[in-house]
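Number of protein chains: 2
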Amino acid sequence: MREPESRKTAKAVQEPNKRRKAASQEHVTRRKILDAASDLFRDKGYASTTLRQIADAAGMQAGSVYYHFESKDAIVSEILDLGITYVFDEVKRRVEKLGPGAEPKARLEVAIDGHLSGLLSHESFLSANIRNYGQLPEDLRKKNVPLRRAYVGYWDALLLEAQKAGAIRADLDLKILRLFTIGSLNWTVEWHKPDKGSIEELSMQIKSILFDGISPVG
Amino acid sequence: MREPESRKTAKAVQEPNKRRKAASQEHVTRRKILDAASDLFRDKGYASTTLRQIADAAGMQAGSVYYHFESKDAIVSEILDLGITYVFDEVKRRVEKLGPGAEPKARLEVAIDGHLSGLLSHESFLSANIRNYGQLPEDLRKKNVPLRRAYVGYWDALLLEAQKAGAIRADLDLKILRLFTIGSLNWTVEWHKPDKGSIEELSMQIKSILFDGISPVG
DNA sequence: TATTCTATCAAATGATTGTTAGAAACGGCC
DNA sequence: GGCCGTTTCTAACAATCATTTGATAGAATA
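Residue numbers (my numbering), protein chains in the order written: chain A, 1 to 218; chain B, 219 to 436.
Hints listed in this document are in silico derivations from the structure and should not be mistaken for laboratory results.
Fair warning: this is a prediction, and the values are worked out from it, not measured in the lab.
It cannot be assumed that every hint is accurate.
As the list claims (entries may be wrong) - Derived Cβ-Cβ restraints for the label pairs, each shown as a range: (1) B:425 / A:85: 30 to 38 Å; (2) A:166 / B:292: 13 to 21 Å; (3) A:215 / B:372: 18 to 26 Å; (4) A:73 / B:357: 25 to 33 Å; (5) A:169 / B:284: 54 to 62 Å; (6) B:281 / A:25: 46 to 54 Å; (7) A:59 / B:315: 42 to 50 Å; (8) A:140 / B:275: 45 to 53 Å; (9) A:195 / B:387: 20 to 28 Å; (10) B:281 / A:195: 41 to 49 Å; (11) B:414 / A:160: 17 to 25 Å; (12) B:387 / A:103: 47 to 55 Å.
Glycine included, C-beta positions come from ideal geometry on N, C-alpha and C.
Let the hints inform the model, and build the full structure from the sequences given.
Here it is in structure tokens:
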């Protein structure tokens, strides 16, 4: 079994430079497993993905995975959290880059860009989350709930400030709007092909539909 | 194994009323299995659902299911097709009820109503389809493709006629619009609770966002 | 050089899976 | 009542799964 805490603290006491290669090896392999697993989970689903497939894609035997993770559940649990975290960070980063005095509508726009970019770019963690979350056993879902709540809370705040500032129609139910917005973004993983058009262009089209609707301006 | 054709034709030659109960029994049990399976597939996914769970929910033993279906794959394959068929029929029914001279925008509106209604009301078949399709092995998906193509073809025609009639902005890519529209409708299965608000009300909100956008009218 | 730690492997375990086969129950019909 | 087709059950099957175990190779340490 693994004792990361005791090992890492022991390491810190000793020379840090000598151990660097060996210490980083575990992180690299962990990452390889997570990458391989998230791809497989997204494409075939959690239940249909075997540990042998994960291990194979990560270049090792099935039993070796258990040196880095205590179970298959632990892998998917970490992927669920990473998926939200990456996209949340990317969205926050873009919103905060606008500065504190930015227009609420502009903040909403870059949030959409960030979510879509984090969802469709190289990282398949959020895609794996979206496609598997609803079908996972409840105890696995529960552990992901706090992060999910924090993320939708961030969106709710963005939408509320936009509505207060008059950038969103006052008659719209914000909860439905949030679900509709994130939902239509999330759904793009079901059909978006990276070779057909850039993410930026897709994001522009979706923002256009979302803000102005499909009816011609009257 | 099962020989529905020969048995049914033989039956038709005999007295039809006496055999009615026995003849309808198979259909009833088949239906019970399909209903139970589609619920389980929607909630836990195809791979995580066992035949014993399906049989249990249908009130029988696992082995008995094989009298009605030749395999687990055959069950999910039939559910995939039924899901599209039910919603397609409902959408067509509502559109055609408007009559041939109806406004393209009105036709689009009832199509949205129909899709959402078929998706969220009693039938869990389309929900099971939506949630499982992307993760099923390719040979299973292939058999569902013709129906899917027919359905999106119907939507493409609705959208094209609406755009030609000026009910949809000319600058919108119709393929992205179709994917966006059906996608945002499909996503509602991930969050809609039947007890919170009616489907009609939800449909109205979504149509409002979709047609007029979230920005205030300028 | 001897020892310890890191990371992996090969092989086995028990549980669960979809599926099959043969026996039993059920009901209608002569 | 006895027969026959229909439907279900019971009990098994082989395959596959996640997980465990003990051994092992290599690098770091002393």
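How the hints compare with the structure:
1. B:425 / A:85: 30 to 38 Å: This hint holds: roughly 35 Å between Cβ atoms.
2. A:166 / B:292: 13 to 21 Å: violated (56 Å)
3. A:215 / B:372: 18 to 26 Å: Since residue 215 (chain A) and residue 372 (chain B) have Cβ atoms about 21 Å apart, the given range 18 to 26 Å holds.
4. A:73 / B:357: 25 to 33 Å: The hint (25 to 33 Å, Cβ to Cβ) holds, given that residue 73 (chain A) and residue 357 (chain B) are roughly 29 Å apart.
5. A:169 / B:284: 54 to 62 Å: holds (55 Å)
6. B:281 / A:25: 46 to 54 Å: Holds - the Cβ-Cβ distance for residue 281 (chain B) and residue 25 (chain A), about 50 Å, lies within 46 to 54 Å.
7. A:59 / B:315: 42 to 50 Å: violated (59 Å)
8. A:140 / B:275: 45 to 53 Å: Between residue 140 (chain A) and residue 275 (chain B), where Cβ atoms are some 22 Å apart, the hint is violated.
9. A:195 / B:387: 20 to 28 Å: holds (26 Å)
10. B:281 / A:195: 41 to 49 Å: Holds: the Cβ-Cβ distance is about 47 Å, inside 41 to 49 Å.
11. B:414 / A:160: 17 to 25 Å: holds (20 Å)
12. B:387 / A:103: 47 to 55 Å: violated (24 Å)
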